[in-house]
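Chains as they are written, first to last, in my numbering: chain A, 1 to 259; chain B, 1 to 249.
In case anyone wonders, no lab produced these hints; they're calculated from the structure. For each residue, glycine too, the CB sits at the ideal point set by N, CA and C. Treat each hint with caution, since some may be false.
Claimed, not checked - Here are the simulated distance ranges between beta carbons:
(1) A/Ala197 to B/Leu123: 27 to 35 Å
(2) A/Asp110 to B/Met139: 43 to 51 Å
(3) A/Ala53 to B/Pro116: 29 to 37 Å
As the list claims (entries may be wrong) - Cross-link-like lysine-lysine pairs, in silico, DSSO-like; alpha carbons within 30 Å at most:
(4) B/Lys196 to B/Lys27
(5) B/Lys196 to B/Lys124
(6) B/Lys20 to B/Lys199
(7) A/Lys170 to B/Lys16
(8) B/Lys229 to B/Lys124
(9) A/Lys177 to A/Lys188
(10) A/Lys218 to B/Lys20
(11) B/Lys20 to B/Lys229
(12) A/Lys218 to B/Lys141
(13) A/Lys218 to B/Lys124
(14) B/Lys153 to A/Lys218
(15) B/Lys215 to B/Lys199
(16) B/Lys141 to B/Lys153
(17) B/Lys27 to B/Lys141
(18) B/Lys229 to B/Lys196
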Amino acid sequence: MTQALALPTNRDEDWRYADAAYLAGADPVALAQWEEVQVAPGEARRDYRVLAADSAPGHVERLRVQVCAGGRFELAVVNAAGPYARFEAEVTLEQGAHFAFGGVTIGGGDRVQEFVTRVIHAEPDATSQQVVRAVQWGRATGNFLGRIEVARHAQKTDAGQNFKAILLEKGATANTKPELEIYADDVKCAHGAAIGALDQQAGFYMASRGIPPEAARKLLVRAFIADALEGVSDAAEHDRLLDAALVVLDGAMMEGVGV
Amino acid sequence: MTMLQIDNLQAEVAGKPILKGLSLDVKPGEVHAIMGPNGAGKSTLGYTLGGRPGYEVTGGSVDFAGQDLLALEPHERAAAGLFLGFQYPVEIPGVSFVQFLREALNAQRATRGEGPLSGGDFLKLAREKAALLRLDMDMLKRPVNVGFSGGEKKRAEMVQMGILDPKFAVLDETDSGLDIDALRIVGEGINAIMRKPDKAVLLITHYQRLLDYVKPDVVHVLAGGRIVKTGGPELALELEREGYEAVAA
Chain A
1 MTQALALPTN RDEDWRYADA AYLAGADPVA LAQWEEVQVA PGEARRDYRV
51 LAADSAPGHV ERLRVQVCAG GRFELAVVNA AGPYARFEAE VTLEQGAHFA
101 FGGVTIGGGD RVQEFVTRVI HAEPDATSQQ VVRAVQWGRA TGNFLGRIEV
151 ARHAQKTDAG QNFKAILLEK GATANTKPEL EIYADDVKCA HGAAIGALDQ
201 QAGFYMASRG IPPEAARKLL VRAFIADALE GVSDAAEHDR LLDAALVVLD
251 GAMMEGVGV
Chain B
1 MTMLQIDNLQ AEVAGKPILK GLSLDVKPGE VHAIMGPNGA GKSTLGYTLG
51 GRPGYEVTGG SVDFAGQDLL ALEPHERAAA GLFLGFQYPV EIPGVSFVQF
101 LREALNAQRA TRGEGPLSGG DFLKLAREKA ALLRLDMDML KRPVNVGFSG
151 GEKKRAEMVQ MGILDPKFAV LDETDSGLDI DALRIVGEGI NAIMRKPDKA
201 VLLITHYQRL LDYVKPDVVH VLAGGRIVKT GGPELALELE REGYEAVAA
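In isolation and in its complexed conformation, chain A is listed as follows (with noise of 0.2 Å):
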């Protein structure tokens, strides 16, 4: 049985910037593990969460859903959590059906934070929008691996996804893999990415009227995350996922980032 699960390393592709350490420690039944969530047909569906205490030697956490015929599901994580923490969603698609994802990874120190999707339009017409965005500092890594399958008979398939990530400080980093499999002729797939720092204009800017540099950076990256929460039609789940990626900001103004 053991034999069967061996433990994934980085070089497994869905592995590949995972934290070493943790992958090296892992229990692998723990790892085989997914949480099943069906939507049935023309349901609409929500799931917000947030992932946000630290547990040595880390956390994955892994979701398979299946959206049926003309469902809706719509999926928001905060990833905030360290100092390994994963968050994988494996979404197929029936005739019709919606996926909406919204990511945020956000965190300094050494923490890595991914998001790893594989998102399976399996019959026509269905649509998916993915927005991932990464705020990290310190040695800090922040990951979007998302795939995209379309197959073969799965035409008028409409699949976005974005990706864009802040680097407070040097040092912290960055990746994105964008991976798409389309068998089908007629289909709308477009990604982006991109991975910068904060705008230092944009931060002056707000230091001549006032708003000191703690202050400028948290309005700023507020409205960076704010596209990957955009989704969330819940006011009241909105503005909660909202401050529980802001507060680690809160805490980490003691670590002395710079804007």
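Chain B: place on chain A using the hints.
Chain B only, in chain A's frame:
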């Protein structure tokens, strides 16, 4: 009594000396204009006073109402009453003007030991200043400067100045990019906000035209990183007529 006293200021950008011993005294109630050719150091003066990173002071001093301005962080300079009007106002996607200015005003008030302004009082103030500059209040609900025309950005700068109510404003080419009507509106706005006995203005400009609306008390010519000539309002007209080269020579 001097509001701003710049003494032998020297500053460099990326290791290149730009300001080479600039001295200037501005008293409360005065409007000074600084004119000069491209590359004279006009914008560098504004940014150096504002404390922009990368603008390194290598000598001299700046006293602002009894305080060592150069010892203050940029946001502390603003709270002390300095306002810098940008030649190219910065766009900040995702942050609304209202949010930005309320944060700015309350941060300044906190630095001065004052309590925050309520949301209602702030909006009332913003509406009043937007009306003064004929800027639609709805524009202040949009992200900072995003999608604004050049003229709208400059009027928005003046709305910000009205809301923040500084003691001293350095306005860097606030007249550039303005059509004739907008120039008059901005000029009148500067007068309404800043032409007071306890305030002062440093207008950085290439052209005489803004000075038709905001009458300067003193005009300086800046060339090669220092003030080469100082005079009354007639100096601006002379410059316009004869050019920098003839007048500054």
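Problem - Restraint check for lysine 196 of chain B with lysine 124 of chain B, where alpha carbons must lie at most 30 Å apart - result: holds (22 Å)
Problem - Straight-line alpha-carbon gap lysine 170 of chain A to lysine 16 of chain B, limit 30 Å - result: holds (26 Å)
Handout entry: Pairwise hint evaluation, lysine 199 of chain B against lysine 20 of chain B, where the allowed Cα distance is 30 Å at most
Key = holds (27 Å)
Practice task
For the pair we were handed, lysine 229 of chain B and lysine 196 of chain B, check the Cα-Cα distance against 30 Å.
Solution key: holds (26 Å)
Practice task
With a cut-off of 30 Å on the C-alpha distance, tell me whether lysine 218 of chain A and lysine 124 of chain B pass.
Solution key: holds (26 Å)
Exercise for the section: Take a quick look at whether lysine 177 of chain A and lysine 188 of chain A sit within 30 Å of each other, Cα to Cα. Expected result: holds (19 Å)
Practice task
For the pair we were handed, lysine 153 of chain B and lysine 218 of chain A, check the Cα-Cα distance against 30 Å.
Solution key: Satisfied, since the Cα-Cα distance of roughly 24 Å is no more than 30 Å.
Handout entry: lysine 229 of chain B paired with lysine 124 of chain B [C-alpha distance capped at 30 Å]
Key = violated (44 Å)
Exercise for the section: For the pair supplied as a hint, lysine 141 of chain B and lysine 153 of chain B, confirm whether the alpha-carbon distance does not exceed 30 Å. Expected result: holds (14 Å)
Exercise for the section: Please test the hint of 27 to 35 Å on the beta carbon pair from alanine 197 of chain A and leucine 123 of chain B. Expected result: Given range 27 to 35 Å: holds, Cβ gap about 34 Å.
Problem - Restraint status (C-alpha distance of lysine 20 of chain B to lysine 229 of chain B at most 30 Å) - result: holds (15 Å)
Exercise for the section: Below or equal to 30 Å on CA atoms is what counts here, so check lysine 27 of chain B against lysine 141 of chain B. Expected result: violated (36 Å)
Consistency with the previously given hints fails for numbers 8, 10 and 17, ordered from lowest to highest.
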